[in-house]
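Start counting the sequence shown at 1; every next residue gets the next number (full-length UniProt numbering).
Don't take each hint at face value.
Claimed, not checked - Taking CB as the label site, the calculated pair distances span:
| no. | residue 1 | residue 2 | range |
| --- | --- | --- | --- |
| 1 | E4 | G29 | 36 to 42 angstroms |
| 2 | A3 | S28 | 36 to 42 angstroms |
| 3 | R27 | G2 | 24 to 30 angstroms |
Note that these hints are calculated values from the structure, not bench results.
Just so you know, even glycine gets a beta-carbon here, dropped at the ideal spot from N, CA and C.
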Amino acid sequence: MGAESIQKLIENFDIDAEAESLREVIRSGKGRRSFAPSSA
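My request is simple: use the sequences and hints to build the entire structure.
This is how it looks when you write it as structure tokens:
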């Protein structure tokens, strides 16, 4: 992937929409947990 391709990806990336999507995943609790509960 060349620099021009990366530049186009960056220009087309909607950070606000992505942030809202991630917030919704967090609110709905459907995200994958990356920690294991302690068994102490």
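(Q) Are any of the numbered hints broken by this structure? If so, which, sorted upward? (A) 3
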